[in-house]
Amino acid sequence: MGIRMTAWVVLGMPLIAAPGCMSFPDAPATRSLGEKMVAESYPGMPDSLTRRAVQDKAQSICSKVGKEKLTQEEAAEVVRLSRESMKYPAAGKLAGDWQAGARLAYAGQGGRVVGGKVETAKENGALCSNCHALDPGEVNVGNIGPSLIGYGAARGSSEEVARLTYERIYNAWAYAPCSNMPRLGANGHLTPEQITQVVAYLIDPQSPVNRK
Amino acid sequence: MRRVGPGATASLFAGAVFAGCVLAAGAALAQGKPPDPMAVGRQLLAEDNPGELWVQRGENLYREKRGPREASLEACDFGLGPGTLEGAFTHLPRYFADTGKVEDLESRLLKCMVELQGFDRAAIIQTRFSNLDRASDMEALATYVASRSNGMKMDVRLDHPREREMYKAGEYLFFRRTGPTDFACITCHGDEGKRIRLQDLPNMTDRRQMQAVIAGWPAYRGTHSTVRTMQHRLYDCNWQMRLPDLGFASDVSIALTTYLNYQGNGAVIRVPGVRR
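As you go down the protein sequences, you meet chains A and B in turn. Heads up: the first sequence is residues 0 to 211, going by numbering that gives the first Met the number 0. Heads up: the second sequence is residues 0 to 275, going by numbering that gives the first Met the number 0.
Think of the hints as simulated: they come from the structure by calculation, not from any bench. Owing to the predicted nature of the structure, the values given are computational and were not obtained by experimental measurement. Incorrect hints may have been included.
To be verified - Partial list, derived from the structure: chain B residues whose beta carbon lies under 10 Å from chain A: (1) R65; (2) P67; (3) E69; (4) A70; (5) L242; (6) P243.
In this text, a Cβ means the ideal position worked out from N, Cα and C, and glycines have one as well.
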């Protein structure tokens with residue numbers, strides 16, 4: 000009996016201490032451990048690729064754990080960084096060829112890595128349909144982002160709409176800091192010229208996106 | 000010569016089922032039902048799960064004397080003592096005193112194949128995932144060992160400080176945005192009823208959906224015509240995120256698995272699961 004009691008006390012200790020453990024390890028320790036793991040978990044990869052797993056400042060701000068919210072200051076900082084990143088096509092025109100944009104919008108290839116090498120693709124796809132409905136006739140579309148059916152029909156195709164649309168694709172976080180939308184231009188996944196084509200696909204009255 | 004029999008047979012079968020399910024998808028859409036074109040195919044597969052072939056092959060590999068040391072894996076300790084498989088998977092990942100590390104199922108198998116059987120670590124990692132030309136011993140072994148916990152509940156404990164650290168790091172990584180797509184796991188797995196194209200995405204902030212995920216890995220993947228393990232699932236997500244190849248049994252993979260399995264605690268294991 001005496002021995003059994005002792006065993007209970009000893010075994011019971013960790014259970015009693017458990018609530019205190021819930022905060023172990025603390026956030027800074029967890030962050031440094033997590034970052035160390037990232038630095039060591041892509042063995043044999045060239046620097047050009049391991050660099051992809053290093054966060055930039057905006058990504059770091061946008062990585063809130065659990066239900067923790069972005070502060071106003073942090074949101075403003077992400078907007079500032081995103082505005083700074085904005086680049087425009089050399090030719091100046093922000094709405095290009097909508098038919099080229101139609102091909103890009105449904106293309107998901109480009110930039111993926113296998114065996115330490117980036118896949119060979121003629122050009123990167125714009126990835127739009129992974130998350131957005133676009134042409135109402137196409138059902139193989141995702142819903143992580145809002146439906147863009149009728150995007151141009153609702154907004155028109157003015158210079159202002161073209162600029163807003165271009166910027167939201169180039170770096171969505173300038174308007175919606177930390178939204179799920181990738182910063183496709185700022186991250187180098189799409190060229191400014193490709194983005195003008197996607198802009199045209201979204202706003203051109205001839206585009207299936209705006210078909211009545 | 001390595002056997003590829005199960006893969007080839009299953010591949011034919013899966014091809015037929017998935018062709019059928021494309022037709023079923025069309026019918027469902029025409030009737031205005033929510034598009035889940037893979038549901039029919041998944042159900043057909045689950046009723047006659049080709050993954051069972053991997054369980055059998057895994058058991059043979061586990062018992063057979065193999066490798067330079069001509070040893071079986073029957074002395075491998077998955078946490079409940081050498082040779083005890085029943086229930087071992089329910090507590091993985093966990094801390095192992097002999098390595099001083101938190102390890103998942105596949106990293107533990109890797110250790111035993113190297114230390115007990117004398118296989119070359121790099122060679123095992125080279126063949127960690129099967130392809131159409133070559134089966135993977137790792138996939139079969141992981142499926143067999145996990146299946147010995149079928150009917151039991153996932154029960155990751157986090158008693159040890161290293162386990163606690165691994166869990167918290169996994170949580171941090173689950174929400175960590177990175178790469179050319181700015182994705183974290185949470186980007187695609189944090190909301191109800193979301194899809195990438197027509198592929199349904201589990202909401203991993205919901206315990207019941209998380210349990211449904213955890214109950215069925217390793218899983219027979221119809222589109223791959225083979226069984227895949229959680230290590231492959233995470234590698235595949237990394238690939239889609241445009242990140243470099245995630246190291247096999249890397250700490251990132253083990254931390255995420257610790258986080259996910261703990262979130263799925265209570266799930267009744269049914270391995271191999273069936274996935275798209």
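Structure-based check of all given hints:
1. At its closest, the beta carbon of B:R65 sits 26 Å from a beta carbon of chain A; the interface hint therefore is violated under the 10 Å criterion.
2. The beta carbon of B:P67 comes no nearer than 24 Å to any beta carbon in chain A, farther than 10 Å, and the hint placing it at the interface is violated.
3. Nearest Cβ of chain A to the Cβ of B:E69: about 30 Å, over the 10 Å cut. The hint is violated.
4. The beta carbon of B:A70 is not positioned within 10 Å of any beta carbon in chain A (closest approach about 27 Å), and the interface hint is therefore violated.
5. Interface hint at B:L242: satisfied, since its Cβ lies 6 Å from the closest Cβ of chain A, which is below the 10 Å cut-off.
6. Given the 10 Å rule on beta carbons, the hint for B:P243 holds: about 4 Å separates it from the nearest Cβ of chain A.
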